[in-house]
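Please work from the sequences and hints to get the whole structure.
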Amino acid sequence: MWTPDHRLAADRRGLRYPSDLTDAEWALIAPLIPPAKRGGRKRTVVVREVVNAIFYVLATGCQWKALPKDLPPKSTAHSYFMLWDWSGTLEHIHDVLYAAVREAAGREASPSAAIIDSQTAKAAQKGAQRLIRRGSTREKRLRAASVMCSSTPSVSSLA
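All letters in the sequence shown, in the order written, are residues 62 to 220 by the numbering used here.
Keep in mind that the hints are not guaranteed to be accurate.
Unchecked claim - The calculated PhoX-like cross-link candidates involving lysine-lysine, where the alpha carbons are at most 25 Å apart (straight line), are:
#1 K103 to K135
#2 K130 to K103
#3 K98 to K135
These are computed hints drawn from the structure, not numbers from a lab. The structure displayed is predicted, hence computed values, not measured ones.
Listed below in structure tokens is the structure:
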């Protein structure tokens, strides 16, 4: 249910793009982003802008090369996206935020049960159509073989 508090939290006005992080959202995500590696050059990119660029691509569905010029370059944003995906950072951020939202709603951090609809489970089985076709074609082959056997003279009748 939409309350004035919910509407205020969901208001994206005042942001450069609707996909940009608010200060409160960034405060939740910032501690979960791994720090720069030790040694080498210092990180010059603003990580918040990298996250904004990733969210822009995810929200708009545009190609990486179509990122606006005021966001980090496509190579930088994509490299961080691939690195965080490979290292499990994105999954860790998702898990932490998921648990926080559940706890804020007065629920346990992780669900204790799940409901799977039997129709959905049947439709999701891989190869279900193949098994159905294979069974029907096998039956046709058997019928065709039995017809051929009865119309073909047997070896004993030829002798």
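Hints versus structure:
1. K103 to K135: holds, 20 Å
2. K130 to K103: holds, 23 Å
3. K98 to K135: Judged against 25 Å, a Cα distance of about 21 Å means the pair holds.
Checked against the numbered hints listed earlier, the structure breaks none of them; every hint is satisfied.
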